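Here's the letter readout for the chains.
4 protein chains.
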Amino acid sequence: MAATKEELAAFMTAEFPQSKTVIEAVGDMGATVSLAVGHGELRPGGTVSGPTLMALADTALYVAILSEIGIVPLAVTTSLNINFLRKPAGNGRVIGVCKLMKLGRSLAVGEVSLYSEGSDEPVAHVVGTYSIPPGATPSRPAR
Amino acid sequence: MAATKEELAAFMTAEFPQSKTVIEAVGDMGATVSLAVGHGELRPGGTVSGPTLMALADTALYVAILSEIGIVPLAVTTSLNINFLRKPAGNGRVIGVCKLMKLGRSLAVGEVSLYSEGSDEPVAHVVGTYSIPPGATPSRPAR
Amino acid sequence: MAATKEELAAFMTAEFPQSKTVIEAVGDMGATVSLAVGHGELRPGGTVSGPTLMALADTALYVAILSEIGIVPLAVTTSLNINFLRKPAGNGRVIGVCKLMKLGRSLAVGEVSLYSEGSDEPVAHVVGTYSIPPGATPSRPAR
Amino acid sequence: MAATKEELAAFMTAEFPQSKTVIEAVGDMGATVSLAVGHGELRPGGTVSGPTLMALADTALYVAILSEIGIVPLAVTTSLNINFLRKPAGNGRVIGVCKLMKLGRSLAVGEVSLYSEGSDEPVAHVVGTYSIPPGATPSRPAR
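Chains as they are written, first to last, in our numbering: chain A, 9 to 151; chain B, 9 to 151; chain C, 9 to 151; chain D, 9 to 151.
Since the hints were derived computationally from the structure, they do not count as laboratory data.
Careful, some of the hints might be misleading.
No distinction is drawn between identical chains; accordingly, a pair holds when it is met within one copy or between any pair of copies.
Straight line, CA to CA, 30 Å or less: simulated DSS-like cross-link-like pairs of lysine-lysine [stated by the list, open to error]:
hint, residue 1, residue 2
1, LYS28, LYS13
2, LYS28, LYS95
3, LYS95, LYS107
Computed from a predicted structure; not experimentally measured.
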């Protein structure tokens, strides 16, 4: 790993002070994040808004990538595809489990399953791609 | 049209009071929306955050669909695919131009091009699908 | 399960006689399929063509869905999103492993990881959605 | 333009001799292609198979990119997202109209609308991304 959970948490707090996402774990080409659902994340019907889920998944991908390549702020999302599968619970936390499928020299691709805490049925599934700036060498051999 | 711009604006204000999105125009299987970029929408580097763009595109799709089928709050996003194309300007507004490609009895599909105001090069492009609840008859013949 | 591997193989042979896809396994909301790569599936550089991978993933999704809901020929693909991750081997077989993430009354969503036989690094990853015709009741409670 | 329609047609015939796609027009960051639907492209119900539509869209993107950057065989598809909108006619031709939305130094993004000839309602819509090899300088200023 090129950045620890603690280093990533400090970076996220400094760079994205308004973010409420918590990094639960990183490592092994993946990351787990969580978000406590509050009033600002709800939409009519007492469910979590789609943009909240997209933002959480995007953060999970970003954290998973930075944990492998080190803290390279210039990594940027190039695409994100989300499928909404079930209505999330409006109380409790949402958990995002990210697994990177490819970490190349210029492009990373990963998937994120999002869960309402306590359920093992995903509420949404995301596939995202990130552009990695030149020179940000992956911490493991290209695969 | 099954709902006017004014009816949709009143509905959005009532249901999504925290949304800052402005409906600029609706009609002809489409909608144009705008968002003034403020501090909460920025990310490091002075650009507009990805989730802000996704949320704006989602609203454009929702408004375009409701303008055709009438105000049916139960229409929900089932998927959203975004490609980030260029760095948005951190000042000024973001404009979203939505065009519906299909408006069926149970599924609507549309695309949204997002622009920094004053530029004709899109900053992002979205394709989204919405599930339409049974009985929400489209206002025009199925195509 | 609402259709066995043998029933599905017979159905595929009857309906898609030109398909070379082999059903390896079905069950537990998933399916595994394989395709022997021949001259028709290759493209310049000795790799497997993208459309070949897309077709294999689409078949994996179709077989996984039919194994759950029974042989309902009217299930149709509504969307397919593929990310190409690594160059597939031009010899040997391609394996597609599908897992359904949602099997609702009108919509099914699944993912497929595609591998060159003998490697555990995916060459491509697909998320697809299928529309299920009314009345094709899933074989398990809606989830 | 860095490659004419005639140069592209000769290249496609040489490199993809099995392809039946016809290049109708290229230029202005776009391309139009067509495919005569034959027995091999049909599926049960007399409609055009999904993989046929995906392959046609992929070719449209490839041709549009090569028309701008010149004939660079190493450009490869990195992702493709298709939404199936209407049942294509099983007779006649399918037309693919591609428009590039971004042509950067390392990544191109474009959309393709697919039509049954004679109809102006798209049967499918594709967004695809291509990786462009280093040194393949675009023929126009980066935008």
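Can you tell me if LYS28 and LYS13 fall within 30 Å by alpha carbon in one copy, between copies, both or neither?
within (16 Å within a copy, 34 Å between copies)
Cα distance capped at 30 Å. Does LYS28 pair with LYS95 within a copy, between copies, both, or neither?
both (21 Å within a copy, 24 Å between copies)
I want to check one pair: LYS95 and LYS107. Are their C-alpha atoms no more than 30 Å apart within a copy, between two copies, both, or neither?
both (23 Å within a copy, 20 Å between copies)
The structure meets every hint from the earlier list without exception.
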